[in-house]
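S.K.: Listed here are the chains, written in short residue letters.
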Amino acid sequence: MSPRTKKIRSIQRRPNFAGFKPYGSQSASASEIPLNFEEYEAIKLCDYEILTHKEASAIMNVSRPTFTRIYESARRKIAKAFVEGGVISFEVGKSIVNTLWFTCNSCKITFSVTENNLHICPFCQSANTTENK
Amino acid sequence: MKIAFALMENHHRSCVDEHFGRCDWYCIYDTKSKKSKYIENPNRYAEEGAGCTSAELLIEQGVETTVAGRFGSKVVEIFKKNNIQMIVPDDKNKTMEDLIKSIKN
Numbered sequence: 000m001s002p003r004t005k006k007i008r009s010i011q012r013r014p015n016f017a018g019f020k021p022y023g024s025q026s027a028s029a030s031e032i033p034l035n036f037e038e039y040e041a042i043k044l045c046d047y048e049i050l051t052h053k054e055a056s057a058i059m060n061v062s063r064p065t066f067t068r069i070y071e072s073a074r075r076k077i078a079k080a081f082v083e084g085g086v087i088s089f090e091v092g093k094s095i096v097n098t099l100w101f102t103c104n105s106c107k108i109t110f111s112v113t114e115n116n117l118h119i120c121p122f123c124q125s126a127n128t129t130e131n132k
Numbered sequence: 000m001k002i003a004f005a006l007m008e009n010h011h012r013s014c015v016d017e018h019f020g021r022c023d024w025y026c027i028y029d030t031k032s033k034k035s036k037y038i039e040n041p042n043r044y045a046e047e048g049a050g051c052t053s054a055e056l057l058i059e060q061g062v063e064t065t066v067a068g069r070f071g072s073k074v075v076e077i078f079k080k081n082n083i084q085m086i087v088p089d090d091k092n093k094t095m096e097d098l099i100k101s102i103k104n
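Just so you know, the sequences run in chain order Y and V.
Mapped onto numbering that gives the first Met the number 0, the consecutive letters of the first sequence carry residue numbers 0 to 132.
Mapped onto numbering that gives the first Met the number 0, the consecutive letters of the second sequence carry residue numbers 0 to 104.
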């Protein structure tokens, strides 16, 4: 029997960098540890915004036990990277970005999209914008 | 359009605060009348829910767009529900004055 398909986890905003590297390491053979966006989001909600697992699971649109599993896996991966001096690289995983964010190329601001405005910069009204993927 | 800026200080040259819920001042700028009104953030030292209470306060004032360095997850949910746009300036040293100058009608 095939395993149950994973429910899509919703995240608010992707990190605007690609990962973490240990510093001062002598060996070049650092292992690469992939950290999913949903795991990044779990750490962010729980330990940066100090929400409870229940509140965080509602935001990510998964059940509380599932959230705890994601969080657990995130912590273990971070610990592994920390102890072994591994590189953490972010990857998409099973997540979608819940809020659409665009960046205006002329005034360098990032904005969220609401129903009545599309991809036009709210400040300079320029249509030269790119989606944050 | 009314824009709310999360600020560190209560003047035009202040930088945008890094955190929406814990900033010291909000400035509500009206793009039509070009008038600005400063509100001290009453929730900045709140134990929890600072962002949500402030978000509701700004919604009551009729704000349609908000500017801050970062928005908490609960605040994002509230603003999305109320169809309010969020803006994050990429350059952290930009002042409110600089941002207002870039607004074109």
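Any given hint might turn out to be false.
[Said to hold, decoys possible] Result set (BS3-like, lysine-lysine): computed pairs, CA atoms no more than 30 Å apart in a straight line:
id: 1; chain 1: Y; residue 1: 107; chain 2: V; residue 2: 34
id: 2; chain 1: Y; residue 1: 20; chain 2: V; residue 2: 103
id: 3; chain 1: V; residue 1: 73; chain 2: Y; residue 2: 5
id: 4; chain 1: Y; residue 1: 5; chain 2: V; residue 2: 33
id: 5; chain 1: V; residue 1: 34; chain 2: V; residue 2: 93
id: 6; chain 1: Y; residue 1: 93; chain 2: V; residue 2: 73
id: 7; chain 1: Y; residue 1: 107; chain 2: V; residue 2: 79
id: 8; chain 1: V; residue 1: 33; chain 2: Y; residue 2: 79
id: 9; chain 1: V; residue 1: 91; chain 2: V; residue 2: 33
id: 10; chain 1: V; residue 1: 79; chain 2: Y; residue 2: 93
id: 11; chain 1: Y; residue 1: 43; chain 2: Y; residue 2: 6
id: 12; chain 1: V; residue 1: 103; chain 2: V; residue 2: 33
id: 13; chain 1: Y; residue 1: 43; chain 2: V; residue 2: 73
id: 14; chain 1: Y; residue 1: 107; chain 2: Y; residue 2: 79
id: 15; chain 1: Y; residue 1: 76; chain 2: Y; residue 2: 107
id: 16; chain 1: V; residue 1: 91; chain 2: Y; residue 2: 43
id: 17; chain 1: Y; residue 1: 6; chain 2: V; residue 2: 103
id: 18; chain 1: V; residue 1: 103; chain 2: Y; residue 2: 53
id: 19; chain 1: Y; residue 1: 53; chain 2: V; residue 2: 34
id: 20; chain 1: Y; residue 1: 107; chain 2: V; residue 2: 93
id: 21; chain 1: V; residue 1: 103; chain 2: Y; residue 2: 93
id: 22; chain 1: V; residue 1: 33; chain 2: Y; residue 2: 6
The hints are simulated quantities; they were obtained by calculation from the structure and are not laboratory data.
S.K.: Next step is simple, just say for each hint if it's right about the structure.
M.R.: Hints and how they fare:
1. Y/107 to V/34: holds (24 Å)
2. Y/20 to V/103: violated (42 Å)
3. V/73 to Y/5: With a Cα-Cα distance of about 24 Å, the restraint between residue 73 of chain V and residue 5 of chain Y holds, given a limit of 30 Å.
4. Y/5 to V/33: violated (50 Å)
5. V/34 to V/93: holds (20 Å)
6. Y/93 to V/73: With Cα atoms ~22 Å apart, residue 93 of chain Y and residue 73 of chain V stay inside 30 Å; holds.
7. Y/107 to V/79: holds (22 Å)
8. V/33 to Y/79: The hint is violated at about 54 Å.
9. V/91 to V/33: Judged against 30 Å, a Cα distance of about 23 Å means the pair holds.
10. V/79 to Y/93: holds (23 Å)
11. Y/43 to Y/6: holds (20 Å)
12. V/103 to V/33: holds (12 Å)
13. Y/43 to V/73: holds (12 Å)
14. Y/107 to Y/79: violated (36 Å)
15. Y/76 to Y/107: With a Cα-Cα distance of about 34 Å, the restraint between residue 76 of chain Y and residue 107 of chain Y is violated, given a limit of 30 Å.
16. V/91 to Y/43: holds (21 Å)
17. Y/6 to V/103: violated (43 Å)
18. V/103 to Y/53: violated (43 Å)
19. Y/53 to V/34: violated (42 Å)
20. Y/107 to V/93: holds (10 Å)
21. V/103 to Y/93: violated (39 Å)
22. V/33 to Y/6: violated (47 Å)
Against the hints set out earlier in the document, violations occur for numbers 2, 4, 8, 14, 15, 17, 18, 19, 21, 22.
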